[in-house]
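**Q** With chain D fixed as given, assemble chain R onto it according to the hints.
Number of protein chains: 2
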Amino acid sequence: MKIAGNIPIREVEENFINIQPIQAAGRLTAEAMKALIVYGDGYSTCDQCRKPFRLDKITKPPIAEFHNDLARFLSMDEARVTPGARRAFQAVCLALVNKGDTVLVSALGHYTEFLAVENAKATVREVPTNDVNIVTGDAVAQKIEEVTREQGKSPALVMLDHFDYSLANEHDVVGAAKAAHQYDTPILYNGAYTVGIKPIDGKALGVDFVVGSGHKSMASPAPSGVLATTSEYADTVFSTTQMIGDVTGRQFGVKEVQMLGCTLMGGNILAMMASFPTVKRRVQEWDEYVAKSNYVVDALLGITGNTCVSEYPRKHTLTKVDTTGSFDTVARTHKRRGFFFSDELKQRGIVGAFAGATRAWKLNTYGLNWGQTRYVADAFKEVAGKYGLL
Amino acid sequence: MKIAGNIPIREVEENFINIQPIQAAGRLTAEAMKALIVYGDGYSTCDQCRKPFRLDKITKPPIAEFHNDLARFLSMDEARVTPGARRAFQAVCLALVNKGDTVLVSALGHYTEFLAVENAKATVREVPTNDVNIVTGDAVAQKIEEVTREQGKSPALVMLDHFDYSLANEHDVVGAAKAAHQYDTPILYNGAYTVGIKPIDGKALGVDFVVGSGHKSMASPAPSGVLATTSEYADTVFSTTQMIGDVTGRQFGVKEVQMLGCTLMGGNILAMMASFPTVKRRVQEWDEYVAKSNYVVDALLGITGNTCVSEYPRKHTLTKVDTTGSFDTVARTHKRRGFFFSDELKQRGIVGAFAGATRAWKLNTYGLNWGQTRYVADAFKEVAGKYGLL
Chain D
0 MKIAGNIPIR EVEENFINIQ PIQAAGRLTA EAMKALIVYG DGYSTCDQCR KPFRLDKITK
60 PPIAEFHNDL ARFLSMDEAR VTPGARRAFQ AVCLALVNKG DTVLVSALGH YTEFLAVENA
120 KATVREVPTN DVNIVTGDAV AQKIEEVTRE QGKSPALVML DHFDYSLANE HDVVGAAKAA
180 HQYDTPILYN GAYTVGIKPI DGKALGVDFV VGSGHKSMAS PAPSGVLATT SEYADTVFST
240 TQMIGDVTGR QFGVKEVQML GCTLMGGNIL AMMASFPTVK RRVQEWDEYV AKSNYVVDAL
300 LGITGNTCVS EYPRKHTLTK VDTTGSFDTV ARTHKRRGFF FSDELKQRGI VGAFAGATRA
360 WKLNTYGLNW GQTRYVADAF KEVAGKYGLL
Chain R
0 MKIAGNIPIR EVEENFINIQ PIQAAGRLTA EAMKALIVYG DGYSTCDQCR KPFRLDKITK
60 PPIAEFHNDL ARFLSMDEAR VTPGARRAFQ AVCLALVNKG DTVLVSALGH YTEFLAVENA
120 KATVREVPTN DVNIVTGDAV AQKIEEVTRE QGKSPALVML DHFDYSLANE HDVVGAAKAA
180 HQYDTPILYN GAYTVGIKPI DGKALGVDFV VGSGHKSMAS PAPSGVLATT SEYADTVFST
240 TQMIGDVTGR QFGVKEVQML GCTLMGGNIL AMMASFPTVK RRVQEWDEYV AKSNYVVDAL
300 LGITGNTCVS EYPRKHTLTK VDTTGSFDTV ARTHKRRGFF FSDELKQRGI VGAFAGATRA
360 WKLNTYGLNW GQTRYVADAF KEVAGKYGLL
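Same order as they appear, the protein sequences are chains D and R.
Per numbering that gives the first Met the number 0, the first sequence runs over residues 0 to 389.
Per numbering that gives the first Met the number 0, the second sequence runs over residues 0 to 389.
Worth double-checking, as some hints may not be accurate.
Copies of one chain are not kept apart here, so a pair can be met inside one copy or by any two copies together.
[Stated by the list, open to error] Cross-link-like lysine-lysine pairs, in silico, DSS-like; alpha carbons within 27 Å at most: (1) Lys59 <-> Lys334; (2) Lys98 <-> Lys319; (3) Lys1 <-> Lys279; (4) Lys319 <-> Lys334; (5) Lys98 <-> Lys120; (6) Lys1 <-> Lys319; (7) Lys152 <-> Lys56; (8) Lys120 <-> Lys385; (9) Lys314 <-> Lys202; (10) Lys152 <-> Lys98; (11) Lys345 <-> Lys319; (12) Lys59 <-> Lys319.
By construction, these hints were calculated from the structure, which means they are not laboratory data.
Only chain D is shown next, with the shape it has when bound in the complex (with noise of 0.2 Å):
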């Protein structure tokens, strides 16, 4: 079944259990979905733009007041949304690191960072994780030191990932700020993993910057994302245009420079609006939701062989676990390789595990009811009874 000419239909959440790394807390509410049908066309939220002619003020529908409500979810003082947390990323990289900066970021810090400070001409350093693989406040204030002592100044800014990609373990986001602090290094925490589904406090962690990802956490579309600031930072990344036209004298006003002027139209800003009151209901459901990743984690590593690669107990419910000692050994003469495994669980109607891979690899549990972990947790052992595996 196609849409139009080649492009093909999807049904994955419609028909799976779907445990795939980062789709899981991405996936739209039904009132995204309304969002998106009703204001599909880009500049349908437009309609009723008035004085200062910049979205985030627009008052019907309500984007100025969902802007007001982003910033106090996260407990910041001014929030703006981006098309990504990487635009996010970029922005502030731009207003605040120069040409040959350096910026400080983790050992499990998201290739995006990178990017957005090769794209402001800077230079990345990373802050080597601990013999368990957390980042800790230590750790910063050394590479911080060290940075200066090579360079003669501070680095311009640290960007640090509270649970990062790779093993989502939780880093010290705290310790990182007090000692970013200390060295006046302003930080930005990356939530990507954790704005909309754990409750964040950027002004308790003590923070300059939050970001947080729309489509990876936040239960909204691509691409969308969240910036938000003190009012000790507004003013500079925040910055309104400069410029004025030497032929005309033209100016534009409360346009911002690192926002590009209006930021997400249409029906990604109005999904991620649409998706908000059940995005600030779920993150203080976020412990059940661990409870659950443990569950599932737990049985895995109840068949022999099998080992947690990210930090245990869990504390998010994206993992990684290593199962070179189990199913691996299955592939080794399987007919089908790595693929016996995806396809094991696809009869059983789960999707998500990265398909062939049967040593070190990655699932989220994120967002299934305790029927659905249940479920998830017997068919591993399922398949490795199948095996001969237990």
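**A** Same frame as chain D, now just chain R:
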């Protein structure tokens, strides 16, 4: 009726003929709407993401093929999708323009070009229009010489809107490209008001970059856009990351710095793809749409006191008219002031004229069939007749 919480339903395209200046050519096709529904989840496009793990390389759905089609459609060598035309301006500026450089834009250039230049810490200079509000190649050459004399070096880039946002006058892109290249300055073609509605041949125009807006003229959701370039500039604007993690030794392969890695995911890219067969077909019907535009403008000009602020006869479906000598004379004494005019249109099933405006205002007749075209023209005459203006 609400979608969720306080988000109202929107019924514009369903119930009215919409002549809003910037909405007309961005309205989704039925196929795009289907794509939004199916691929609304942001990461839904990434089910089959395989090495080298970059969105524009994904073959299922056929995103890679679409990128090739897009480049061919614009007669350029390489194309990428971006979150809006402004993000394409930004990418080119960050890649080509250094701090303190000068970039030429037109005196009728869009504000997002100014912001993109400011983003690169450079400065804008405007090329003046001639006495009939057209930017000529000579004017570009003259401004380049002026800047070069002043600064001892030529501008880093010229950006020119083919049809500008204000009057939708056609500017001399071919002449401007020749002028720019005489001074070894690259030129960016801003096709926000052409790409997707009018056939565009970037090679024939002689430009180095072609930028289009999905939500403005390609029947695609916001944000979406396209950046196409020649093989000469592809390596510069689509350069891949050079960052190396100093602790981990990590590198990120083919991720492109200015694209920030993967670009448009989910419903936005798939809707662009779904609309593309229609877009390819409709650009061939451009002359017919221009004829309809002239039909409506002629009706307005048939009302005593009206003038066409845009060049006339029209070469575009977007037009600025001045009705100070007609409808505005009514507004001066009407109890609804300028709103009488939008009220009258709305009663006739027509929306999109800026509510309250009766002096200079814009309309866009793109997408109307002949029946609707005649109906709109008649409605203007009818309102004029009702108030004794004919």
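**Q** Of the hints stated earlier, which fail here?
**A** Failing hints, ascending: 2, 6, 7 and 8.
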